[in-house]
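In the working numbering, the protein residues as written are 42 to 323.
I should point out that these hints are in silico values taken from the structure, not numbers from a laboratory.
One should not assume that every hint holds.
[Claimed, not checked] 20 Å max Cα-Cα, derived SDA-like pairs, lysine to any residue:
(1) Lys167 x Glu216
(2) Lys264 x Arg177
(3) Lys92 x Gln124
(4) Lys283 x Val293
(5) Lys105 x Gln124
(6) Lys167 x Asp211
(7) Lys283 x Asp211
(8) Lys264 x His75
(9) Lys55 x Glu122
(10) Lys223 x Ala205
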Amino acid sequence: MADTASIGLRVRDKVVVITGGARGIGLATATALHRLGARVAIGDVDEVRVKESGASLGLDVYGKLDVTEPHSFADFLDEVERQLGPIDVLINNAGIMPLGRIIDESDAVTRRILDINVYGVILGSKLALKLMVPRRRGHIINVASLAGESYIPGAATYCASKHAVVGFTDTARLEYRKTGVKFSVVLPTFVNTELIAGTSGVKGFRNAEPADIADAIVRLVAKPTPRVRVTRAMGVLVSSAKFMPRSVAESVNRALGGERFFADDVDVEKRRAYEARARGEE
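Please model the entire structure based on the sequences and the hints provided.
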């Protein structure tokens with residue numbers, strides 16, 4: 042109880058911007074922070090859905106945000122500062138995960154994954170830094186994935202994008218460590234959102250819920266640390282694999298279904314709606 046009260050005091054009245062905030066992890070995070078008294082703004086490329094979500098939560102600022110378009114991103118951040126005040130925290134959460142083997146992935150889909158998952162994070166971080174560095178305070182939280190520390194057949198470009206987010210965030214944290222601006226990276230396991238529709242998960246390990254990731258992010262907002270993995274069990278498994286001989290780590294991965302759950306064991310029909318949206322085909 043004391044811990045919850047302390048978190049609430051540290052979060053209350055912070056101005057927080059969340060990209061990809063219309064659904065899933067972004068919406069769960071917005072909900073948790075708003076309940077604790079933070080001044081939350083959500084942006085999402087899905088204008089209809091973000092307006093529904095923002096109105097439902099009773100937020101003051103919400104609307105369309107294309108993280109791949111500099112003017113869209115900059116204008117959104119400017120609007121937040123006009124209405125809510127100086128931004129304390131930017132959560133770069135927007136991301137997509139189309140699945141398929143490399144040879145079957147069109148160049149357009151490859152570029153779309155990298156534009157949203159990597160360029161969007163870098164662009165948002167740069168824009169936020171320009172606001173935060175002169176004030177000598179601020180916090181940028183980038184949502185990556187445990188795929189950013191591992192290798193999953195059927196999601197090569199997605200894994201590459203999340204490895205990039207991890208590397209970018211760790212480097213930016215060092216680059217700006219004396220400015221008062223903090224960087225954190227969040228690495229979720231499978232999360233029960235549309236992003237993993239039609240996939241089976243890791244054998245013997247539970248999927249996380251959006252609320253689990255939201256809770257981890259809330260704690261980061263209250264007390265910044267460089268990195269957090271969710272769930273703890275999957276985080277331990279992925280991080281410990283780095284210290285195993287490669288042949289052993291890959292054998293463990295195979296035993297847990299890692300070479301199949303994004304490549305061969307996908308329920309295409311259950312995944313069809315998400316894939317269409319992620320690929321920009323809607």
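Checked hints:
For the hint pairing Lys167 with Glu216, the CA-to-CA distance comes to about 12 Å; that is within 20 Å, so the pair holds. Our distance criterion of 20 Å between C-alpha atoms is met by Lys264 and Arg177, whose separation comes to about 17 Å. Proximity of Lys92 to Gln124 is assessed by CA-CA distance (about 17 Å); at most 20 Å being required, the pair is judged to hold. A threshold of 20 Å between alpha carbons decides the hint, and for Lys283 with Val293 the separation of about 12 Å falls inside it, so the pair holds.
The hinted pair formed by Lys105 and Gln124 meets the criterion: a straight-line CA distance of about 16 Å does not exceed 20 Å. Note on Lys167 and Asp211: the hinted pairing holds, with a Cα-Cα distance of about 14 Å set against a maximum of 20 Å. Between Lys283 and Asp211 the alpha-carbon distance is near 17 Å, which keeps this suggested pair within the 20 Å criterion. Only pairs whose Cα atoms come within 20 Å are accepted, and Lys264 paired with His75 is accepted, the gap being roughly 17 Å.
For a cut-off of 20 Å, the pair hint linking Lys55 to Glu122 stands: about 12 Å separates their Cα positions. In summary, the hint linking Lys223 to Ala205 is supported, as the alpha carbons are separated by about 18 Å, within the 20 Å threshold.
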